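Asker: Chain residues, written in single-letter form:
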Amino acid sequence: MEPSHFKSDQYVRFCPGCGDHAICMALQKAMAQIGVPTHQVAVISGIGCSSRMPHYLNTYGFNTIHGRGGAIATGVKTSHPELTVWQMSGDGDCLAIGGNHFIHEIRRNVDLNVCLFNNRIYGLTKGQYSPTSPKGFVSKSSPFGTVERPFIPAELVLGARGTFFARTLDVDLPTTVDCLVAAHRHKGCSIVECLVNCVIFNNGTHAWIADRELRAEHSIILRHGEKMLFGKNNDKGLALEINTPGLFRLIVVPASDPRVLVHDAHQQDPTLHRLLALMGQERNLEVNTPSLENTPSPSMGETDGGLPIALGVIRDVEAETYNDAVNNQIAEVRGKAKAKTFDELTATLEQWTM
Amino acid sequence: MKNNAIVRFCGDSGDGMQLTGNMFAQLAAEMGNEISTLPDFPAEIRAPQGTLGGVSAFQVELGQEVYTSGDKADVVVAMNAAALKVCTLGSHFNHPQAHFDEDFALYHRHAIVIVDTDSLTDKDLEKAQYHTDNPFTELGIPESVQIVPVALTSLTKEALKDSGMDNKSVLKCRNMFALGLIYWLFDEPMDKAIHLLEEKFKKKPALVAPNTKVMVDGYNYGHNLALNVQQVRLDGDKSQISNYKCQMPTGHYTSIAGNKATAWGLIAAAQKAGKRLFLGSYPITPATDILHELAARKDMNVMAVQAEDEIAGVCTAIGAAFAGDLACTSTSGPGLSLKSEAIGLAVMAELPLVVIDVQRGGPSTGLPTKTEQTDLLQALYGRNGECPAVVIAASTSANCFDYAYEACRIALENMTPVILMTDTYLANGTALWRIPKLAELPQINPQTVPEELKGHYNPALRDARGVRYWAYPGMEGYEHRNIGLERDAEKGTISTNPENHEQMVLARKHKIEQIANSIPDLKVINGQMVNEQMVNKDVVLVGWGSTEGHLHAAANELGCDLAHFNYICPLPKNTHEVLSQYKRIIVCELNTGQFAAYLRAHFPDLPIEQYNEIQGQPFAVERIVNFVKKSEC
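Quick mapping for you: the protein sequence lines, in order, are chains B and P. So the first sequence is numbered by this note's numbering: it starts at 4 and just counts up by one. So the second sequence is numbered by this note's numbering: it starts at 449 and just counts up by one.
Hint data in this document are derived by calculation from the structure and do not stem from the laboratory. Computed from a predicted structure; not experimentally measured. Idealized CB from N, CA, C, for every residue including glycine. Do not rely on the hints blindly, as some may be mistaken.
Distance condition first, Cα-Cα at most 30 Å in a straight line; then the derived DSS-like pairs of lysine-lysine [to be verified]:
id, chain 1, residue 1, chain 2, residue 2
1, B, Lys343, P, Lys720
2, P, Lys520, B, Lys339
3, P, Lys520, B, Lys341
4, P, Lys520, P, Lys651
5, B, Lys341, P, Lys746
Simulated DEER-style distance windows between Cβ atoms [unchecked claim]:
id, chain 1, residue 1, chain 2, residue 2, range
6, B, Ser145, P, Asn893, 50 to 56 Å
7, B, Gln36, P, Glu888, 52 to 58 Å
8, B, Ala334, P, Asn945, 46 to 52 Å
9, B, Gln13, P, Pro1055, 53 to 59 Å
10, B, Asn206, P, Glu938, 50 to 56 Å
11, B, Gln332, P, Ser617, 31 to 37 Å
12, P, Asn893, B, Glu229, 46 to 52 Å
13, P, Glu513, B, Lys339, 40 to 46 Å
With the Cβ distance kept under 8 Å, some of the chain P side facing chain B (calculated, not the full set) [to be verified]:
id, residue
14, Ala760
15, Thr764
16, Glu789
Bound-form chain B, shown alone:
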């Protein structure tokens, strides 16, 4: 199948320069690669710029209400597990109003492919801060800077016992396609955090890695089974340092260091995945440091210990899915049942003639 097979006839209305254009192309490429026919795919969204995505894909789609895409997608997939179900959401739709449905779909491990478009702003409503905006961020609804700590989305996913987490960047098309395909292949709730740029209201929020000059130094693409190497010349690696008394953390070492880790995305224990998923994001938590303004300065901060942010498929483990469990239980009970129809059911009642 060609990516164009998954394009709808609708004119794509994302702002010129919006990261969503790239994700849209990546989705079409990924769906073509995956090969599930359009009539067996359902793309569910809430409200937000990200949630416009279903209109641009030639599958079944449902652009619903703010924050509720996760619950509706759960209903679609659980009732019809034969369908491939995607959920398009944003940092506001998913982590603010939709937070409750988000943690429960992850906890239940509903087999959904969730794209969390994180541009750290509310774009559609024109520029309020979001649960991922750094503390101190100046916006239309925080003219003196926010006073609240943000989420790190990966932490929430792991906190809800997530079985799949991947992260990608709008300008890195190949990594995005890989993450989306892996998300589909993973049987369970697959969260793909897409770092996207809102050119109108929060331009440059990911520039510290989007910028071609800085990407190699500030980010690492993790691939299962491969050494964790990064840097312009692939000269750096990640290792685990265990300090007394009982403190362990990731550190940057030369690529030749024997302690350089090999990525195991399928490790059930989430401890290392958590470190990897949270790595390199301290700069994004607060703008109150002298070297950083609203748009984080592209320079490396000492606080991070030079650690990069992890992209690619960070966690990908097996666990029973909610939709399988629900359907299997019904099949099991029904298999053993003597009464299967309404008339057979009423025949079991204590009754008398009048």
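Following the hints, position chain P against chain B.
Answerer: Then chain P, alone, in the frame of chain B:
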């Protein structure tokens, strides 16, 4: 000789009054009586033992032409001092100097009151806030009331003295002694009673023997001591109870509670329509039984999901509807409020969805275990925008089945949410239900998209009635995007065009209005001449929902007509024609006038009066009758 009897079992929350009452009611039904029940229990799980707040009661009316669970009891079983006080003083039980007043008492002045004398110790009296040591005098119970003192606790202990059971378990059987005594009073056959008890306790066989013994001992107690009490015999002759010539249509009958009937109506509709039943719900009093029943019905291929909140409940259902299933959600008032935005989405996306509101006392948390009819305006209007949904209401515990079925039919055939209103009284009350065969039930024709539209489908295309077609994922050649935004009337894609919006608002309005073409006409129930009075043709009582029984009884006493509504939005086409025949139209509701306001808005030319009670209790027939008589010009 009476035709009917009203029995009230009243005790502490831990005394098993609901179980006892249910067993009595069920046996009465099996013996050929019509029944109507009212479980009346507090919201707390377990209030301190012996206190007034912990009193739990179960009332049942049995006999012929039973429409209600009765105003005032003929027979009361009071298991403790607090229960005696609450039954005697009614809603005035907290007033310091209150004594028996027939307006407020839960039994009438010629009732039989059976009291457990072992539960009238000084400590019991103190917990129930008595001030003297003689509760009967203190409460001012008139001499006309037959008080039957029975040492229930000691007698139960005596009956089980050789059982080897511990004291706590023995005391739990007190209610069975009382039940046995009541069975004697009503001359019910013990062999059937024992069979019923065995059925009830079949999951705990160790309890069958002791409970049976206590029940039989209670029966024999009444028999042996030839208690100085008029044995209550319905219709005089014992044989007539079992050979009762009933006016109900022949068939197989059972007794069923409203919530179970609702759940089974959904099951039947799904099967008739060839659709899988999906329920997305969250526990809430008094609707939770619907979730429980459907969760247990996996044998019927029902998918019942306990969602993380009310909104997820309705949203998972909307997802299932989008994917082609018969989707339902069940809740009470507060949950309906939470679901309002999502219901609006289903209205805009024009998807079939059944929303069940089992009303309870409001507003806000209100009175979770009490009944009223205060969500009507919310169901009709509680959404942003011009957002019409179908609203129908069940009117008996048994026809909760029929109206749940009907809600599914209307939703599937008209691509719209349907809100079914029931309430606590119907949900927890039981009534006789004639068991139907699936083949007898009305046809359901879901609005599935026809083959001809393959490759040319969009979600805005409508049939001649103005109802759009249902295409869902898995169907090849009908791919489309559904939305909560306004859509183009021709193409189905997002549109902000001004004329288009108006056209679409009117199209959605018209779609609901045309449903009036496929619902039954309003039928008037003629009140009977009871006291040889002139039939009062100038007055019509009007009601909706669970008040049908009470209003029917009131109409009988008044010799007037009753127009009782099950279809509210849209109204039956002949509504104006029917109501305009009367000089007085009295809308009786358990709220402050919601249906009355709706009728006035629709028919400004009609003189709509109203009678209201809003105390968390069903109507008292007598009060309605008095109101109508006193307000006659």
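Asker: Assuming the hint says 40 to 46 Å, is it satisfied by the Cβ distance from Glu513/P to Lys339/B or not?
Answerer: holds (44 Å)
Asker: Are Ala760/P and chain B close enough, Cβ to Cβ, to be under 8 Å, as the hint says?
Answerer: holds (4 Å)
Asker: Should the hint that Gln332/B and Ser617/P are 31 to 37 Å apart at their CB atoms be regarded as holding?
Answerer: holds (35 Å)
Asker: Tell me if the straight-line CA distance from Lys341/B to Lys746/P falls inside 30 Å.
Answerer: holds (12 Å)
Asker: Please verify that hint: Thr764/P, Cβ, nearest Cβ of chain B, below 8 Å or not.
Answerer: holds (3 Å)
Asker: Can the suggested window of 52 to 58 Å be confirmed for the beta-carbon pair Gln36/B and Glu888/P?
Answerer: At 53 Å between Cβs, range holds.
Asker: Starting from Lys520/P, check that the Cα of Lys341/B is at most 30 Å away, please.
Answerer: violated (44 Å)
Asker: Should the interface hint for Glu789/P be scored as holding, given a Cβ-Cβ cut-off of 8 Å against chain B?
Answerer: holds (6 Å)
Asker: Compare the distance between the alpha carbons of Lys520/P and Lys651/P with 30 Å, and conclude whether the hinted pair is satisfied.
Answerer: Between Lys520/P and Lys651/P the Cα gap is close to 35 Å, so the pair fails against 30 Å, i.e. violated.
Asker: Take the C-alpha atoms of Lys520/P and Lys339/B, compute the straight-line distance between them, and say whether it is at most 30 Å.
Answerer: violated (48 Å)
Asker: Using the beta carbons of Ser145/B and Asn893/P, state whether their distance is inside 50 to 56 Å or not.
Answerer: holds (55 Å)
Asker: Kindly confirm whether 50 to 56 Å is satisfied by the beta carbon distance between Asn206/B and Glu938/P.
Answerer: Given a distance of about 38 Å, which is not inside 50 to 56 Å, the answer is violated.
Consistency with the previously given hints fails for numbers 2, 3, 4, 10, 12, ordered from lowest to highest.
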